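Q: Here are the chains, one letter per residue:
2 protein chains.
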Amino acid sequence: MQKVQALMSRTPEASILTGHAALRHMVDRALEESVRFPSGCPRRLADAIHYGLLGPGKRLRPRLVLMAADACGGNFHDALPAACAVEMVHAYSLIHDDLPAMDDDDLRRGRPTCHKVYGEALAILAGDALLARALEILATDVLPPSKAARCVAALARAAGPTQLVGGQADDLLGGTQRPSPADLEDIHRRKTGALFRVALRLGGWIADASAEQLDMLDTYGTKVGLAFQITDDLLDSVDSSAPDSAAGRAGNGPKPAGFPLMTGAEASRRRARELVQQACRALEAMGPRGTPFIALAREIAERRR
Amino acid sequence: MQKVQALMSRTPEASILTGHAALRHMVDRALEESVRFPSGCPRRLADAIHYGLLGPGKRLRPRLVLMAADACGGNFHDALPAACAVEMVHAYSLIHDDLPAMDDDDLRRGRPTCHKVYGEALAILAGDALLARALEILATDVLPPSKAARCVAALARAAGPTQLVGGQADDLLGGTQRPSPADLEDIHRRKTGALFRVALRLGGWIADASAEQLDMLDTYGTKVGLAFQITDDLLDSVDSSAPDSAAGRAGNGPKPAGFPLMTGAEASRRRARELVQQACRALEAMGPRGTPFIALAREIAERRR
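Sequence order for the protein chains is A and B. Residue 155 in the working numbering sits at position 155 of the first sequence; the count goes up by one each step and never skips. Residue 212 in the working numbering sits at position 212 of the second sequence; the count goes up by one each step and never skips.
Don't read these hints as lab results, they were simulated from the structure. All of these numbers come straight from a predicted model, not from anything done at the bench. Idealized CB from N, CA, C, for every residue including glycine. Treat the hints with care, since some could be wrong.
Label-pair ranges, simulated between beta-carbon atoms [unchecked claim]:
| no. | chain 1 | residue 1 | chain 2 | residue 2 | range |
| --- | --- | --- | --- | --- | --- |
| 1 | A | Arg29 | B | Pro288 | 24 to 32 Å |
| 2 | B | Arg304 | A | Glu33 | 43 to 51 Å |
| 3 | B | Ala265 | A | Ser146 | 49 to 57 Å |
| 4 | B | Pro112 | A | His50 | 54 to 62 Å |
| 5 | A | Ser146 | B | Gly73 | 34 to 42 Å |
| 6 | A | Gln277 | B | Asp183 | 56 to 64 Å |
| 7 | B | Asp183 | A | Pro112 | 29 to 37 Å |
Simulated crosslink set (DSSO-like; lysine-lysine; CA at most 27 Å straight-line) [unchecked claim]:
| no. | chain 1 | residue 1 | chain 2 | residue 2 |
| --- | --- | --- | --- | --- |
| 8 | A | Lys147 | B | Lys58 |
| 9 | A | Lys58 | A | Lys116 |
| 10 | B | Lys58 | B | Lys116 |
| 11 | A | Lys116 | B | Lys116 |
So these bits of chain B aren't anywhere near chain A, every CB distance computed over 10 Å [to be verified]:
| no. | residue |
| --- | --- |
| 12 | Gly74 |
| 13 | Ser146 |
| 14 | Ala159 |
| 15 | Val165 |
| 16 | Ala295 |
| 17 | Glu302 |
Please work from the sequences and hints to get the whole structure.
A: Below you can see the structure in the form of structure tokens.
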């Protein structure tokens, strides 16, 4: 995180931030820039896009892009477009997942969901716009263009019918059927894991990482993605036992059985801790460069939303 | 269209097809290939994608890609991935536009719309999947990768918040307000024209067209796109005077005032003919290579759906 340290010493506001908070700050500024449309985008659509993208959030996935680039010898500046693109794909998927026809969620991170504020039509369009814009940014701002094409192919694939969208469809189609733990891991691997893994891969590619480094990042992404989802299920199961809580999701639609329902809360917590340990071990060979990833894995396992 | 002639003499089934029908045939085969998912894509989602993409259609936009590549000295094979990508973006936009929260259409080209058959959730996801897959194909299959990145940037931009999605948002937000003819042309330029123009540009780029050729194609695309939309409005106004007709759209949502409502049917027809003439004149310098474009412009102006 040498560059974060440098950033912190340069900007007064950043000097009080920790390394991860500084990354979040960088990402937020770049995200704002990436959805400035001087002309052509209707004002109300731009508002819906900003609402869905720029609200409170942990910026986990873009931080993974930046951390991977940094750990593999690249720099944050080159990796920022990819970081923004990954967060935009994440934001698009949340907006669409929350729609009445899908999970029918009224709240997201304690705020009304996008369609609650802007209506369903604009929420659908804001999601569409974010997906298109994400891939436009990647194609335009990652250099050289041959690297950009590789990044677009990987992110579009992760967002597409076999990964993110496919996982969401399986999740919905499962409906009231109780999936097996293996089914559930498969859905999570595609619905959450794919975006974690591609975030790390894009960061690695941008820094011209070695095959060995990319493998380490991939294992880390797989383990941390699953740990993230189990923690999410644990938090959901707490929320649903306290339905008046405004802290988390408040979905109206049928929720699939998560890990806690299947194996119990304690076993789920144990599994998440185990995965975080495996994730951290995967990066041992990176030495001190792996330190930020260990902190992030802990943040994921210990988060309260 | 020398290559179409060659194709026609090679394949017996094509020998009875005209040049444009042969192009449509090539596109249909390539589209089927482009949405084959051996694993990972849930069956029902794949069905919804196939329903939205592979149903009856004129394949105007992909034919424009192939024709532009051919006219600028390229070949159909190299242009097919871009042709598929443009049609997939078109299909995604129709699926989302038809949704109850948007135009609320029950019928499209005489068949029930995607959400009527597969439900809203899968229709939203099928649209999302088509957009992601379109850009993945472009990034993967256009060569060299530097050209792929340029094509992705242009198509993603045309599909994004300032063009296709922005035009649809303006169309919806206009609601009951009556737009001026200039407003309407601006909406059409973004909602329909952008995809026509980018289709021609991708074909041109793939064939390494000259700046002059690209300019001619761009003017042609602008004029033909507007003529297409005016003809569409004319057909809609006929449909809405015969609400039981199952031939065209049967939208339940508020429809914006089209050109016929604004200037009368006869003046609209005149304007469409004028635009087609201007489109054809723009390609005069291409000589015989411009012939297929003239036939296509006429097909657009004279179509009955």
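Q: Evaluate each hint against the coordinates.
A: Against the structure, the hints:
Here the CB-CB span from arginine 29 of chain A to proline 288 of chain B is close to 54 Å, at odds with the stated 24 to 32 Å. For the pair arginine 304 of chain B and glutamate 33 of chain A, the beta carbons lie near 48 Å from each other, so the given range of 43 to 51 Å is met. Between alanine 265 of chain B and serine 146 of chain A the C-beta distance comes to about 52 Å, which sits within the given range of 49 to 57 Å. A hinted range of 54 to 62 Å is violated for the C-beta pair proline 112 of chain B and histidine 50 of chain A, which are about 36 Å apart.
Between serine 146 of chain A and glycine 73 of chain B the Cβ separation comes to about 24 Å, which falls outside the hinted range of 34 to 42 Å. Take glutamine 277 of chain A and aspartate 183 of chain B: their Cβ atoms lie about 60 Å apart, and the range 56 to 64 Å holds. Under the hint 29 to 37 Å, the C-beta atoms of aspartate 183 of chain B and proline 112 of chain A, about 31 Å apart, fit the expected range. Among the hinted pairs, lysine 147 of chain A with lysine 58 of chain B is inconsistent with the structure: their alpha-carbon atoms are about 35 Å apart, more than 27 Å.
The hinted pair formed by lysine 58 of chain A and lysine 116 of chain A meets the criterion: a straight-line CA distance of about 22 Å does not exceed 27 Å. With a CA separation close to 22 Å, the supplied pair lysine 58 of chain B and lysine 116 of chain B stays within the 27 Å bound. Proximity of lysine 116 of chain A to lysine 116 of chain B is assessed by CA-CA distance (about 24 Å); at most 27 Å being required, the pair is judged to hold. Remark: the non-interface label on glycine 74 of chain B is consistent with the geometry, its nearest Cβ contact in chain A lying 19 Å away (cut-off 10 Å).
Not every CB of chain A is more than 10 Å from the CB of serine 146 of chain B (nearest about 4 Å), against its label as outside the interface. For alanine 159 of chain B, the shortest C-beta to C-beta distance to chain A comes to about 4 Å, within the 10 Å cut-off, and the non-interface label is violated. The beta carbon of valine 165 of chain B sits about 5 Å from the closest Cβ of chain A, which is not more than 10 Å, so the claim that it is off the interface is violated. Listed as a non-interface residue, alanine 295 of chain B keeps its Cβ farther than 10 Å from every Cβ of chain A; the least gap is roughly 32 Å.
A cut-off of 10 Å between C-beta atoms confirms that glutamate 302 of chain B is not in contact with chain A; the least separation is 32 Å.
Violation of the numbered hints given earlier is confined to hints 1, 4, 5, 8, 13, 14 and 15; the remaining hints are satisfied by the structure.
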